[in-house]
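2 protein chains.
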Amino acid sequence: MDFSSKLLENAVYEMSQLPGIGKRTALRLVLHLLKQPAEQTARLSGSLEQLRNTVRFCSNCYNISDTEICEICASPKRDRSLVCVVEDIRDVMAIENTSQFNGLYHVLGGKISPMEGVGPQELNIAPLIDKAKGGEIKELIFALSPTMEGDTTNFYMYKRLEGLDIRTSTIARGIAVGDELEYADEVTLGRSILNRIPFEGSLKS
Amino acid sequence: MDFSSKLLENAVYEMSQLPGIGKRTALRLVLHLLKQPAEQTARLSGSLEQLRNTVRFCSNCYNISDTEICEICASPKRDRSLVCVVEDIRDVMAIENTSQFNGLYHVLGGKISPMEGVGPQELNIAPLIDKAKGGEIKELIFALSPTMEGDTTNFYMYKRLEGLDIRTSTIARGIAVGDELEYADEVTLGRSILNRIPFEGSLKS
Numbered sequence: 001m002d003f004s005s006k007l008l009e010n011a012v013y014e015m016s017q018l019p020g021i022g023k024r025t026a027l028r029l030v031l032h033l034l035k036q037p038a039e040q041t042a043r044l045s046g047s048l049e050q051l052r053n054t055v056r057f058c059s060n061c062y063n064i065s066d067t068e069i070c071e072i073c074a075s076p077k078r079d080r081s082l083v084c085v086v087e088d089i090r091d092v093m094a095i096e097n098t099s100q101f102n103g104l105y106h107v108l109g110g111k112i113s114p115m116e117g118v119g120p121q122e123l124n125i126a127p128l129i130d131k132a133k134g135g136e137i138k139e140l141i142f143a144l145s146p147t148m149e150g151d152t153t154n155f156y157m158y159k160r161l162e163g164l165d166i167r168t169s170t171i172a173r174g175i176a177v178g179d180e181l182e183y184a185d186e187v188t189l190g191r192s193i194l195n196r197i198p199f200e201g202s203l204k205s
Numbered sequence: 001m002d003f004s005s006k007l008l009e010n011a012v013y014e015m016s017q018l019p020g021i022g023k024r025t026a027l028r029l030v031l032h033l034l035k036q037p038a039e040q041t042a043r044l045s046g047s048l049e050q051l052r053n054t055v056r057f058c059s060n061c062y063n064i065s066d067t068e069i070c071e072i073c074a075s076p077k078r079d080r081s082l083v084c085v086v087e088d089i090r091d092v093m094a095i096e097n098t099s100q101f102n103g104l105y106h107v108l109g110g111k112i113s114p115m116e117g118v119g120p121q122e123l124n125i126a127p128l129i130d131k132a133k134g135g136e137i138k139e140l141i142f143a144l145s146p147t148m149e150g151d152t153t154n155f156y157m158y159k160r161l162e163g164l165d166i167r168t169s170t171i172a173r174g175i176a177v178g179d180e181l182e183y184a185d186e187v188t189l190g191r192s193i194l195n196r197i198p199f200e201g202s203l204k205s
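Residue numbers (the UniProt record's numbering), protein chains in the order written: chain W, 1 to 205; chain H, 1 to 205.
Intra- or inter-copy, both count: the list cannot distinguish identical chains.
Straight-line distance between alpha carbons at most 30 Å, and here's what the computed BS3-like set of lysine-lysine pairs gives:
| id | residue 1 | residue 2 |
| --- | --- | --- |
| 1 | K159 | K131 |
| 2 | K35 | K23 |
| 3 | K159 | K133 |
| 4 | K6 | K131 |
| 5 | K6 | K35 |
| 6 | K138 | K159 |
| 7 | K131 | K77 |
| 8 | K138 | K77 |
| 9 | K6 | K77 |
| 10 | K131 | K35 |
| 11 | K133 | K35 |
None of these hints come from the bench; they were simulated from the model.
Values in this document were obtained by computation on a predicted structure and should not be read as measured data.
The task is simple: from the sequences and hints, build the whole structure.
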């Protein structure tokens, strides 16, 4: 693309560095900002800078937090013996939305992925093991996505936890509520039969 | 969505004000920035602010430009008697990419759209009429998108230009090069038959 303005070219280039934003979309977004009052651009760039420069992570669960300890970890109503291990803050938000979980979280910050150069030391796995050795935790729920990287990460954590008196579990894989059987993939359907649950168990929700 | 951090919520909100960016996408983009070095966020917000605060428009054609007169308007190689009227800067870039046009442009900044509260006075139509009255322009090409708003804008400009010794034209509508006839919509196919061109004319490209 040939730009008539160097400033415009710069802004479009930086915008297109965001994931899933190509040059054309970036140009559309930047031109939109130009049509809006200057305050909107100021608010956008200000809020991004402020977040990036003052962002803090809860020192217990590594969730993004404005305080030293996040609200969930600080709450006395939460079951501190149950910890759900997730990939990032979006998973915390998704699980919180279900209102079905009353324990604490531990945010790993990613999955082990040799292809992308992410090893165990890039993730918050060591603090998790330390926490587990503390003795307060009775059960760890591995709630990573069911991909090869997720399974690898689960297995690595499982191995590191060996010898500790802690139950480990993963979230149930199976047919999604409301899904048609015939459209489910074979692996999911196969697992949902292997890991079938007593009918009485399916009645509570 | 429940955010664990007010700063994060702010940044996601401002990001989601951009067109086509929902809350979920905004969250993904913001979390991506958090994983990158702080310099990337600084460059993004800096380039946006700089563009927004120092943006200038060519005083002749209203294209975005870093100088008083844009490169195209300043070029002595351009045919100043031929002016292509477009909606915004993206259209200038698209037409420039074809290398088929050697005249100047005039950027309206939008189309007349009563639904969105855009009337002729919100667009750069008055300066176009003034330029037309100057006598240098021999032909105006209306290159707006073939929608109801585009046609309305074309007709409005056409009416305002009445009495002036200027030819007006619109870009050709027809079957796109490489398209299959059977998949073309009726209106386009119908017009392409009505506005058929001598076969010799189709040989030059």
